[in-house]
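Starting from the given sequences, assemble the full structure and let the hints guide the process.
Here the protein sequences come in this chain order: A and B. Read in order, the letters of the first sequence are residues 935 to 1184 in the working numbering. Read in order, the letters of the second sequence are residues 935 to 1184 in the working numbering.
Think of the hints as simulated: they come from the structure by calculation, not from any bench. Careful: at least some of the hints might be erroneous.
Just so you know, same-sequence chains aren't split out, so a pair can sit in one copy or run between any two.
Here are the simulated BS3-like pairs of lysine-lysine, each with C-alpha atoms no more than 25 Å apart in a straight line [to be verified]:
hint, residue 1, residue 2
1, Lys1105, Lys1158
2, Lys1129, Lys1158
3, Lys1020, Lys1036
4, Lys1129, Lys1109
5, Lys989, Lys1158
6, Lys989, Lys962
7, Lys1105, Lys1129
Number of protein chains: 2
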Amino acid sequence: MHILVTNDDGIDSPGIYALVHALRSVGKVSVVAPDRQQSAVGHALTVSSPLRATKIRRDGEFFGYAINGTPADCVKIGICALLEEKADLLVSGINHGSNTSKNILYSGTVSAATEGMIMGLPSIAVSIDSLDYRTDCTVAAEYAARIARQYADLNIPADTILNVNAPALPKEQIKGFRVTRQGTSGWEDAYECRKDPMGREYFWLSGQYNSIDTDIDSDEGAMKAGYVSVTPVRYQLTNEDIRSRLRITE
Amino acid sequence: MHILVTNDDGIDSPGIYALVHALRSVGKVSVVAPDRQQSAVGHALTVSSPLRATKIRRDGEFFGYAINGTPADCVKIGICALLEEKADLLVSGINHGSNTSKNILYSGTVSAATEGMIMGLPSIAVSIDSLDYRTDCTVAAEYAARIARQYADLNIPADTILNVNAPALPKEQIKGFRVTRQGTSGWEDAYECRKDPMGREYFWLSGQYNSIDTDIDSDEGAMKAGYVSVTPVRYQLTNEDIRSRLRITE
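Laid out in structure tokens, this is it:
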């Protein structure tokens, strides 16, 4: 099995390193990842400027390609131009910070998996519930490898990816996998208005995350309860209930 | 009714101008839009740099705020920091170029509507099937206004937006509204590898769009057949069929 690995924290992050290490027990791993942190880029593609691929070494050997673009760029250019052999699976992560509930819509990590799906690959996004880069990702990476190993037997359809969120807990405190649905928690947004040294106003996005999903059938609820949450996320977006009854007057 | 209007082609585009003009017959219109073209940004948010809001005049009067950010930024900052009165509806567009099938996932226009929905507003994305900025958007804007006028009666749930795609045809050739589902057409991607004057390689995303949706119940098929396509797009992404049967081995 040939696994393409990417992320949105950048090729230097500890999360991708732990993931690559664990996936090497499953198959051959190729890395194509952003050259810097790309959080909250969503499914952006770089169409107005050229992309460059830089070979990165780590521990004295070739580790992967760093791209001056978004996670979705990395997946596209990896598959179309950089990989010498066809990939069989895409794994994106491990992201520092969970990607649950409404955050899925902003997540570069999840969008990389979405792009993998668009390009015809089975795809998994993996995040850990800690923003601290020092958090050990070994256990989350092992869980990701377990999913990668059995992916073919899970019968996931071509329009669906798996979005995995692991608690930042030691191995013995993790309760195992739990299949979940996307939760409904979201942000209470705010912008801080400041003045620059010239007296001109500018704004910073701030705000607070309201975690309301305590149900362990939700992605966030399961993760907070100590499970590795696995959500099948689908990109056929039509609301069929509404479609069948919607009548618009001319 | 107070309508927030944004787009991803930038506040100077003819599409947003036509839309604002048509929506003024429906209610009060406020404009908060990117200061430049933002295509293919998807649902990106600006979190690592400050945003600025510049007041723009057009035809001798205040037209709206230009933001140095993405369409999703414009919606968030508009609602949180710039609008003096609460908005009742968000309309994003009119985008030059359709946003059908898999393109929905990359579209800044659609993502602005998604952000509107996240912020609790009924939201509509509007695109016209022509990349040419000289294409007249008056008819598409009139159709958008008709939807805006009856939105409250359509009973669209809070997790769903309307994605509207209009053909670039004269009024008399348009067959009316058609409620559709997201099609499955997509891109055959390719990267062109070139060398810069220093001899270093760089890549441009190129590729070709394969239009395979001819069914008039699909967004693209309906639009190509002369209908104004209206797709209810939902952002609860869980694949419930898979969720209920997925078993992952520890």
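Right, here's what the structure says about each hint:
In the homo-oligomer, the alpha carbons of lysine 1105 and lysine 1158 lie at most 25 Å apart inside one protomer (15 Å), although the nearest pairing across protomers, at 55 Å, exceeds that limit. In this homomeric assembly, lysine 1129 and lysine 1158 never come within 25 Å of each other (Cα to Cα): the closest approach is 39 Å inside a single copy and 49 Å across copies. In this homomeric assembly, lysine 1020 and lysine 1036 come within 25 Å of each other (Cα to Cα) only across copies, at 22 Å, whereas the closest approach inside a single copy is 32 Å. With identical chains, the CA atoms of lysine 1129 and lysine 1109 are never at most 25 Å apart, being 49 Å at best within one copy and 52 Å at best between copies.
Taking identical chains as interchangeable, the C-alpha atoms of lysine 989 and lysine 1158 are never at most 25 Å apart, the minima being 38 Å within one chain and 44 Å between chains. When the C-alpha separation of lysine 989 and lysine 962 is checked against a cutoff of 25 Å, the pair qualifies only within one copy, where the shortest distance is 18 Å, while the shortest distance between copies is 54 Å. Neither within a single protomer nor between protomers do lysine 1105 and lysine 1129 lie at most 25 Å apart by alpha-carbon distance, with minima of 47 Å and 49 Å respectively.
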